[in-house]
Amino acid sequence: VRQMLWALLYLHDNSIVHRDLKLENWLIEEVDGPTRVKLIDFGLSCTWDWDQGRLLTRSCGTTCYMAPEVVERRKYTHKADLWSLGVIVSSLLSGRRPQRAESTFGRGLTYECFGASIAELSGECHTPESCECEAWPDDVSSAARDFVERLLAPDPDERMDARQALGHPWLLQHCGRPGGGAYRRQKADNTYPSLIEGWRRFAELSPVMRALLVEFAFASRWPEGSMRPAVELWAELSEHQATVRLVDFEHRLKQSIGSEAAARLFSTIASSRRSVDSLAPEQIGYSEFLAACLPGCFTNDHLVSEVFRMLDTDNDGLIARAELLAVAAPASTAFAQSQRRAGNDLLCLSEFARLMSGLRR
Numbered sequence: 099v100r101q102m103l104w105a106l107l108y109l110h111d112n113s114i115v116h117r118d119l120k121l122e123n124w125l126i127e128e129v130d131g132p133t134r135v136k137l138i139d140f141g142l143s144c145t146w147d148w149d150q151g152r153l154l155t156r157s158c159g160t161t162c163y164m165a166p167e168v169v170e171r172r173k174y175t176h177k178a179d180l181w182s183l184g185v186i187v188s189s190l191l192s193g194r195r196p197q198r199a200e201s202t203f204g205r206g207l208t209y210e211c212f213g214a215s216i217a218e219l220s221g222e223c224h225t226p227e228s229c230e231c232e233a234w235p236d237d238v239s240s241a242a243r244d245f246v247e248r249l250l251a252p253d254p255d256e257r258m259d260a261r262q263a264l265g266h267p268w269l270l271q272h273c274g275r276p277g278g279g280a281y282r283r284q285k286a287d288n289t290y291p292s293l294i295e296g297w298r299r300f301a302e303l304s305p306v307m308r309a310l311l312v313e314f315a316f317a318s319r320w321p322e323g324s325m326r327p328a329v330e331l332w333a334e335l336s337e338h339q340a341t342v343r344l345v346d347f348e349h350r351l352k353q354s355i356g357s358e359a360a361a362r363l364f365s366t367i368a369s370s371r372r373s374v375d376s377l378a379p380e381q382i383g384y385s386e387f388l389a390a391c392l393p394g395c396f397t398n399d400h401l402v403s404e405v406f407r408m409l410d411t412d413n414d415g416l417i418a419r420a421e422l423l424a425v426a427a428p429a430s431t432a433f434a435q436s437q438r439r440a441g442n443d444l445l446c447l448s449e450f451a452r453l454m455s456g457l458r459r
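The opening residue of the sequence shown carries number 99 in our numbering; numbering runs sequentially from there.
Read the hints as simulated data drawn from the structure, not as lab findings.
Every residue, glycine too, gets a C-beta built ideally from N, C-alpha and C.
None of the hints are false.
Simulated restraints, written as ranges between beta carbons of each label pair:
hint	residue 1	residue 2	range
1	D443	F316	24 to 30 Å
2	D139	P321	23 to 29 Å
3	L125	R261	22 to 28 Å
4	D111	S239	25 to 31 Å
5	L121	D244	19 to 25 Å
6	D236	L125	26 to 32 Å
Below 20 Å or equal to it, Euclidean Cα-Cα: the simulated SDA-like pairs (lysine to any residue) are:
hint	residue 1	residue 2
7	K173	C158
8	K173	E256
9	K136	R319
Let the sequences and hints guide you as you build the complete structure.
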């Protein structure tokens with residue numbers, strides 16, 4: 099549940115509302131080892147700007163998970179996602195959806211509603227007067243029940259947001275502080291040596307190769323489990339926020355390899371960041387962080403091969419220079435000019451590898 103809230107907090111902090119949260123859209127990453135869940139299916143998601151006073155109006159989602167304000171076609175915010183999470187948690191705790199979700203919102207069908215109302219699509223629809231489940235199993239604690247009730251508050255203003263839910267006593271008594279828990283490693287002061295080596299090698303790469311790695315850092319084609327150390331460290335450093343402050347990053351380096359070595363490495367990293375477009379001078383984004391860890395997980399040859407494979411979208415063993423330029427041109431004006439002069443011909447893997455090896459930092 100807390101991993102679900104971390105995902106929602108990240109989305110909402112980045113002004114994204116999912117709008118179709120349900121059990122089917124949470125996947126377990128691996129059967130063996132620590133349980134990690136991933137959120138999928140962003141087909142109904144949208145951006146939302148609370149600061150601009152913009153509210154959402156489109157009725158969509160899976161009926162038995164939809165918040166009252168969405169069902170009634172009223173304006174709504176990210177709090178609609180928290181209602182859906184309340185239905186999910188109730189289902190996990192009791193083995194069934196809360197009565198209000200079953201009787202009020204009808205069958206578990208996904209709709210994108212335009213002219214027709216939810217009532218016309220899924221049967222009788224009315225505003226719930228009570229947020230209590232019909233009956234809780236005896237082994238569900240009062241704290242867990244309170245957690246669900248505060249997510250299933252019919253009034254969005256009284257409903258917890260993701261940050262408030264992470265601080266609820268039910269989660270804290272089982273998981274500790276809001277930022278700690280499942281992703282925290284046993285030896286928090288011992289950063290993985292492979293990641294440190296990765297940062298060092300990343301800083302020494304050409305701007306073009308760094309830009310390519312940032313572009314494909316999120317790609318799902320990296321071998322399963324290969325990025326787990328980086329993901330764990332990011333969760334620990336960022337406390338599940340959208341960015342990591344450079345000062346916190348530098349502090350972790352000093353803890354791991356000493357002040358003198360950290361100063362040399364950090365200087366190299368800072369210099370490399372100035373040579374390409376970055377999120378902000380004092381912050382590191384998730385894509386950039388993962389990209390900087392990749393050279394510690396794979397050899398240079400493997401990285402070049404994987405980047406080529408990701409550029410080769412039609413799997414014909416060739417990539418167009420234009421496709422390469424679309425990603426790499428902002429990182430190096432000289433590289434862009436040289437490739438434009440070379441024409442729009444195709445590159446095979448060996449040619450791409452020679453091109454990357456000839457680049458200078």
